[in-house]
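Participant: Listed below are the residues making up each chain.
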Amino acid sequence: MNREDVFRAVAGVLHPDDITVAWFGGERNQWKTLWHELHPGEATMSSLFMGGLTAFAFGLAVALPNRRVLAMDSDGSLLLGVGILCTLANERPPNLTVLVLDNECYEGTGRQPTHTSGHVDLARLADGAGIPRTATARDPQALAATTAEMLEDGELGLVVAKFEPGPPPAYPPDRLVPWDDREGKYRFIRYLEHTEKISIKPIYVDE
Amino acid sequence: MEPHLGSLVLEGLGKAKTHVVVGLPDGLLRDVYERAASDARFRYIGVTNEGEGASIVAGCWTGGQRAVLVMENSGIRVACEHLARLAHNNEIPVPMILSLRGDLGTRAFRAHGHAQSMEPLLQAMRIPYKIITRKDDVVDSVAGLIYHAISSQHHAALVFAPPLIGGA
Chain A
29 MNREDVFRAV AGVLHPDDIT VAWFGGERNQ WKTLWHELHP GEATMSSLFM GGLTAFAFGL
89 AVALPNRRVL AMDSDGSLLL GVGILCTLAN ERPPNLTVLV LDNECYEGTG RQPTHTSGHV
149 DLARLADGAG IPRTATARDP QALAATTAEM LEDGELGLVV AKFEPGPPPA YPPDRLVPWD
209 DREGKYRFIR YLEHTEKISI KPIYVDE
Chain B
84 MEPHLGSLVL EGLGKAKTHV VVGLPDGLLR DVYERAASDA RFRYIGVTNE GEGASIVAGC
144 WTGGQRAVLV MENSGIRVAC EHLARLAHNN EIPVPMILSL RGDLGTRAFR AHGHAQSMEP
204 LLQAMRIPYK IITRKDDVVD SVAGLIYHAI SSQHHAALVF APPLIGGA
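Chains A and B, in that order, are what the protein sequence lines are. Each residue of the first sequence is one higher than the one before, starting from 29 at the first, in the numbering used here. Each residue of the second sequence is one higher than the one before, starting from 84 at the first, in the numbering used here.
Same shape as in the complex, but just chain B (with noise of 0.2 Å):
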């Protein structure tokens, strides 16, 4: 049977010795959010918005605990005033895993913005990033996200994109 997305992360992060999970659920990660929350080797902790996450993620690191945000591509809007000012005033990484939502051919026009802002976002606030599509290279990626994020203790962004999950 082939590996759920949720499970691909979770061997990821684990890989990374990367143990809290925070995040504001959508429904292209929903597998992410619910096996995080029901596996016990994880902690799972849900947010109000973001930005919130955002630090929360930054305190976890600074105390010694790798830390993963997990959203919609549309929560880096949110988060910007958070990210921009742990990365470039402090130097603390927020790992983040985002949703690929509004990509061309997407129906739902509302999600187009989500698309259409989130690479310019990320290259504003200089936070390296990767697309990726396929289950193969989920678990790499993710400890690699980890990795990146500890070795430059700069943000970095890992987004999953169709046909990886949903979305139009």
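Just chain A, with the same shape it has in the complex (with noise of 0.2 Å):
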């Protein structure tokens, strides 16, 4: 399995207005463009950073208990807090799914391997933490069930998607998404307004 299945397979079972919080490491715009193909719209949060991506997916599942939130987290993020599974395992937000695009290595910075080569299990460190439901895909089938189940139960999962390194599809520079951290947290929000009938960010606070 490779990023491009683990995408293919995901976007396969996810519903229109379901949230995605994504951090695409290198090569990024590739990846954003071909996630966007995959699941057009506005519900994707991309432009955060290593390290809190599941932490501010658990945010958002909080603030938003009525949609359906999927974390697209990797095994060199989530390493560097893991105890935020630890929070979700006491706090156990039911619309909350994370998926770990664990491909064993730093592959944005020329593939070192991450502590997932070796000994480490991030489904069973999640499983032993306390998360209700986790498990480990290893192929294209088993990862669109495994969270499609995870995605409509009603309960806090996470499931680990094993996949080869590789580099992006290759699309010309006009395929290409242009994104921006900010714009594309605007974009969000506006949209996250639209849809919910909410106000994010005023133009002005007159409270």
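In short, the hints are calculated from the structure, not lab data. No residue lacks a Cβ here, since even glycine has one placed at the ideal position from N, Cα and C. Be careful, since some hints might not be right.
Here are the computed lysine to aspartate or glutamate pairs in the DMTMM-like style, where the Cα-Cα straight-line distance is at most 25 Å [as the list claims (entries may be wrong)]:
| no. | chain 1 | residue 1 | chain 2 | residue 2 |
| --- | --- | --- | --- | --- |
| 1 | B | Lys100 | B | Asp186 |
| 2 | B | Lys213 | A | Glu235 |
| 3 | B | Lys98 | A | Glu180 |
| 4 | A | Lys190 | A | Glu235 |
| 5 | B | Lys100 | A | Glu235 |
| 6 | B | Lys100 | A | Asp234 |
| 7 | A | Lys229 | A | Glu70 |
| 8 | A | Lys229 | B | Glu202 |
| 9 | B | Lys100 | A | Glu119 |
| 10 | A | Lys229 | B | Glu85 |
| 11 | A | Lys190 | A | Asp167 |
| 12 | A | Lys229 | B | Asp223 |
| 13 | A | Lys225 | B | Asp220 |
| 14 | B | Lys218 | A | Glu221 |
| 15 | B | Lys98 | A | Glu224 |
These stretches of chain B come out as covered by chain A in the derived footprint (C-beta under 8 Å, 3 or more residues) [unchecked claim]:
| no. | stretch |
| --- | --- |
| 16 | 111 to 117 |
| 17 | 120 to 129 |
| 18 | 135 to 143 |
| 19 | 146 to 156 |
| 20 | 170 to 178 |
| 21 | 228 to 236 |
Both chains are given apart, each in its own frame, so use the hints to dock them into the complex.
Facilitator: As structure tokens, this is what we get:
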């Protein structure tokens, strides 16, 4: 399974209004473009940073209990702050599913190994922390089925997707989705304001 | 009877429609954590470190749920990476309430560095802050903290210092 297989398997089981929080790592524009094609719309918050993604997704799940939230974290990112697994285990947000894209390396910096290339098993770590449902998927069919079940079951879950590192699809420059961290945030909150009928960033604070 | 600090903080948060409190406890703000955790109007989320807490608060804000991070001032050192990324990459606000531990006169020398590093770090990350010492200032300052964060889309910090809290 490669990263594109992971994306296609996951996108295939998402609803259009499911919220995804993603970090695309190296060659991010190409990966973001592919994700945008597979999961079109503005329901992806994709401009975050390693170490805070799952915590951020948990905050979104707290704020939007009526929406399904999928955190698309990575092995290197989650290993920067595994304490969030313990917080999630105690809080158990029913609308949050965590997908860990685990290629066992820091691909963007030259494929240096992460600890999951050794003895570390993130699904077992999550299980030990107290996450009620955990799994590891090694092929697209298993990943799609597990992700769909975890999104549907109304319970916190974490699935680790083991995949091989590799380059992104070769998109010509005119097909790449232009993006910017701040623009991405504003587009995402305007999307939420529109779909949830709420005010997140008013023009003026007149309270 | 004089109101408790925690009650005043919750009053200020309620005034600014903020009902999620994320925290890593310290003794100086104990009343705030305990009242937030036991008050049905608020959701209290305990975290394993302050950086994680900052990202949870940021997620809440992005989803339209106002939230605040409550921690000892030493937590700024732990949360630097999260705070810097959220502010300077994404402009996602994280309002914070800090206790000032380690100020001049503190006998516990291990806390001295907390006070000495707090203001330089806040300044380095361009986080506006206010230090208050009187109970009369708590409610409006807490509400103001939230309004500042919304309007600026940037972090802001409110620091509680003695005699408002203990410390020496």
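Participant: Against this structure, judge whether each hint is valid.
Facilitator: Going down the list of hints, with the structure as the test:
{"no.": "1", "hint": "Lys100/B - Asp186/B", "result": "violated (32 Å)"}
{"no.": "2", "hint": "Lys213/B - Glu235/A", "result": "holds (21 Å)"}
{"no.": "3", "hint": "Lys98/B - Glu180/A", "result": "violated (37 Å)"}
{"no.": "4", "hint": "Lys190/A - Glu235/A", "result": "violated (49 Å)"}
{"no.": "5", "hint": "Lys100/B - Glu235/A", "result": "holds (10 Å)"}
{"no.": "6", "hint": "Lys100/B - Asp234/A", "result": "holds (13 Å)"}
{"no.": "7", "hint": "Lys229/A - Glu70/A", "result": "holds (17 Å)"}
{"no.": "8", "hint": "Lys229/A - Glu202/B", "result": "violated (28 Å)"}
{"no.": "9", "hint": "Lys100/B - Glu119/A", "result": "holds (22 Å)"}
{"no.": "10", "hint": "Lys229/A - Glu85/B", "result": "violated (36 Å)"}
{"no.": "11", "hint": "Lys190/A - Asp167/A", "result": "holds (8 Å)"}
{"no.": "12", "hint": "Lys229/A - Asp223/B", "result": "holds (21 Å)"}
{"no.": "13", "hint": "Lys225/A - Asp220/B", "result": "violated (34 Å)"}
{"no.": "14", "hint": "Lys218/B - Glu221/A", "result": "violated (36 Å)"}
{"no.": "15", "hint": "Lys98/B - Glu224/A", "result": "holds (23 Å)"}
{"no.": "16", "hint": "111 to 117", "result": "violated (count 0)"}
{"no.": "17", "hint": "120 to 129", "result": "holds (count 3)"}
{"no.": "18", "hint": "135 to 143", "result": "holds (count 9)"}
{"no.": "19", "hint": "146 to 156", "result": "holds (count 4)"}
{"no.": "20", "hint": "170 to 178", "result": "holds (count 4)"}
{"no.": "21", "hint": "228 to 236", "result": "holds (count 4)"}
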